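2 protein chains.
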Amino acid sequence: MNAPADSAAFAPLVSPREVPEAFLAELRARFGAQCSTALAVREHHGRDESVYVDMPAPAAVVFAESRRDVQDAVKLCARHQVPIIPFGIGSSLEGHLLAVQGGISLDLSRMNQVLSINAEDLTVTVQPGVTRKQLNEELKSTGLFFPIDPGADATVGGMCATRASGTNAVRYGTMRENVLALEVVTARAEVIRTGTRARKSSAGYDLTRLMVGSEGTLGVMTEITLRIYPLPEAILAAICSFPSIADAVHTVIEIIQLGVPIARVELLDGKTVAMVNRHAKLSLREEPMLLMEFHGSPAGVKEQAETVQDLASGHGGQAFEWATTPEERTRLWTARHNAYFAGVQSRPGCRAISTDTCVPISRLAECLLDSAAEADASGITYFLVGHVGDGNFHFGYLVDPRDAKELALAEDLNHKLVSRALRLGGTCTGEHGVGLHKMDFLREEAGLGAIAMMRAIKQALDPDNILNPGKIFSA
Amino acid sequence: MNAPADSAAFAPLVSPREVPEAFLAELRARFGAQCSTALAVREHHGRDESVYVDMPAPAAVVFAESRRDVQDAVKLCARHQVPIIPFGIGSSLEGHLLAVQGGISLDLSRMNQVLSINAEDLTVTVQPGVTRKQLNEELKSTGLFFPIDPGADATVGGMCATRASGTNAVRYGTMRENVLALEVVTARAEVIRTGTRARKSSAGYDLTRLMVGSEGTLGVMTEITLRIYPLPEAILAAICSFPSIADAVHTVIEIIQLGVPIARVELLDGKTVAMVNRHAKLSLREEPMLLMEFHGSPAGVKEQAETVQDLASGHGGQAFEWATTPEERTRLWTARHNAYFAGVQSRPGCRAISTDTCVPISRLAECLLDSAAEADASGITYFLVGHVGDGNFHFGYLVDPRDAKELALAEDLNHKLVSRALRLGGTCTGEHGVGLHKMDFLREEAGLGAIAMMRAIKQALDPDNILNPGKIFSA
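Line by line, the protein sequences are chains A and B.
When you line the first sequence up against numbering that gives the first Met the number 0, it's residues 0 to 474, in that order.
When you line the second sequence up against numbering that gives the first Met the number 0, it's residues 0 to 474, in that order.
Just chain A, with the same shape it has in the complex:
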């Protein structure tokens, strides 16, 4: 059950089903200008931020503007047995959006309304095409915010689909914890609702959590109700440099074990700090660095920060610097969020193969350091960032996507890292999802029995396999 350690891992099973001309005619008749078969549009919807290149484009793109549009698109696809792939903004990293079995792309980016803000209940209901930045912009006047922040300005629908998280998850949880309810169009084009606006419920199977992370294979989300949070009274950001990655990681382990309610704690290695400096015109010390944030009352954040500063000092932490103004904070966090792009731009024409393992915190140092040593020994170029408070980190191996040798090397490193993480009680993907790229890893992690259970659920809810087929597990 090993993932092949050569570029075969990058040749996913591509077997486009035929898209009947009658289907396309019906699609055009129903959707008019909302349906495009222009090559540029199709190609744009046939790729993402993953390493896959030269993949077949979908046969058409439908720009849904309403639940009814989604239902009608699914209905047509069901009748003609044509695959349909929900599309948000195209920022997925694992090939989730690629039309490996042909079919059409269902672009949800025009369904971008914030439908209701229930400030008193700390909930908001949005359409799937709302992006996280747009949402926080619309929440601004309420004194509330939505904390989940993957690097890209992803859509809420995409974030649900991949069970995304980001830098705030150590304090606020992931999409798993923050989606309260959904409206979903099923494979039969029926509309169901899962969950309510109540904070908790024991009302039957947790369909909400089943949909979150199902990568568009079980239904198309058309409304999403999220938890939101009061903006903290005080926010304090800090950076601290360390003599080694090990020192930084051991500091984080102690922060978590002590139960300090830190809101964010991000690791960058020295080389990545250098890339970020160049990209964002900063002059951070080019050493392993923790970038942290504390949320709470003024006294509370001070107390947290002092505790952390003590812990850091015990591991050689130095150049502890505070960023208290919103501008300073934004500058630092923007730099962190752009680390991925800083990495990719450091080598023109390259793509990043991003690893995404997540391990129990006590095994973080071992997992991260052994994998860094392995990458260093291989000579590959990479960046390294981590949501280390969760035990989650990303190597971004920077490869030429058309160089089979580089691809094989990166994939071999990735596979060794995943095997190590699984041995240490972790997972192959903390937040990016499986898509095409991690199907072998998922099999290794979950085992054939659990995969069979997932497959049985898929078959029960989408018997004709029209919803984003060929993802998560091959089918």
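Among the hints, erroneous ones may be present.
As the list claims (entries may be wrong) - In silico DSBU-like cross-links for lysine-lysine, where the CA-CA straight-line distance does not exceed 35 Å:
no.	chain 1	residue 1	chain 2	residue 2
1	A	K301	B	K139
2	B	K132	B	K270
3	A	K132	A	K280
4	A	K139	B	K301
5	B	K404	B	K280
6	B	K301	A	K301
7	A	K404	A	K415
8	B	K404	B	K415
Treat the hints as calculated values from the structure; they're not laboratory data.
Here the structure is a predicted model, which means the values were calculated and not measured.
Given chain A's structure and the hints, the job is docking chain B onto it.
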């Protein structure tokens, strides 16, 4: 789609399947003394804390001591098409355990080992028969604790099965948020693992969350990995009396909306305080009362408590009293946990029909007050407690389970309350689950489409319908 407002709701569909003698013989041969067909044992396993009386007992009880026992019991049941009902400690409130379709009870209480405590990672792995008190006893020396605390000393397996919560959920979440991974024996007697010890994961369908809350209908859990937490540096408990329930509830709403990280905030109405006083020999003021707890650093809990005291004063809160010693705290919280029993014992021979609605916090006052007025007008005896920080509260209507008129009255009140909660964006069950008793309510809440999806999943994972059949949705 209304639930019938008469005692018909208390005559669940009972249609025991025949249990072949050959099956019982095989069961006895395999399990020997671990298998009992004694009437007293069977009857004990054929009832719970629900209102149902005179229900058929299971044909036999198997006391599982290992995963292998569970597999073999399921295997035998599968071969003979005999229902199998997992049993923890019998504290469920909604008829989850009743053998309405016959079959056997699988008692898991002997599988009560704490398998591993990973203090560094804040995780623990247990067998399903471990109870919450036993778990916290075994964690004591580590400085860690498991916060989920339903009233009864339930088993962890039972708490998983019903997606339980309790008084700490406002701060620490419910079983939904605190189960990391499971080992499950499927309907085919295969063993699968869901999840890992990593804090977060995007690895395929969230089978863990699908199992949590599935009430024994999708598999039998044999190992459960939970999140645990550092015991707070400081704990402060407080009680405060209010002129009216409305004042108490409005105080809670403000606490939550302000984002105060309160650990517990429980409401008791004046009559319930009186019952608790009698039961626990306390002398609390017999007025609406909030019982609260703050966790954090010494400075942090002081700050939280002061904020809350201010808010309470604004709503006529008085007699704010602190309990700082562990003994005082334990006495108060034990009294709160025993409110259910205090209520039931206040009327000899009665049973409690416990409501369990949960609404968005802004609608809590409306939902609770209108329902209290309705209950008062009806003349029914009840107790009233609430995890009000979550918008969750329980009326316990105290009825003679053999008096059809009282049952009908209680059920009518319950149904009106549920309809009100659903109108206000809430759920029919915050933490007790559906079992037999809330099947109609679930249909009203989730709608036929979502129920059909649940049914499709059940059918896919348990095609012969042997795992606790006839619960959640009729089948």
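Hints and how they fare:
Taken as a hint, the A:K301 and B:K139 pair is honoured in the structure, with Cα atoms around 30 Å apart against an allowance of 35 Å. A threshold of 35 Å between alpha carbons decides the hint, and for B:K132 with B:K270 the separation of about 28 Å falls inside it, so the pair holds. Pair hint A:K132 plus A:K280 holds up; C-alpha atoms about 23 Å apart against a cutoff of 35 Å. Distance restraint check for A:K139 and B:K301: the Cα-Cα separation of roughly 30 Å lies within the 35 Å cut-off, and the hinted pair is therefore satisfied.
The hinted pair formed by B:K404 and B:K280 meets the criterion: a straight-line CA distance of about 33 Å does not exceed 35 Å. Among the hinted pairs, B:K301 with A:K301 is consistent with the structure: their alpha-carbon atoms are about 15 Å apart, no more than 35 Å. Using a Cα cut-off of 35 Å, the hinted pair A:K404 and A:K415 holds, with the two alpha carbons roughly 17 Å apart. A hinted pair counts as satisfied when its Cα atoms are at most 35 Å apart, and B:K404 with B:K415 qualifies at roughly 17 Å.
Checked against the numbered hints listed earlier, the structure breaks none of them; every hint is satisfied.
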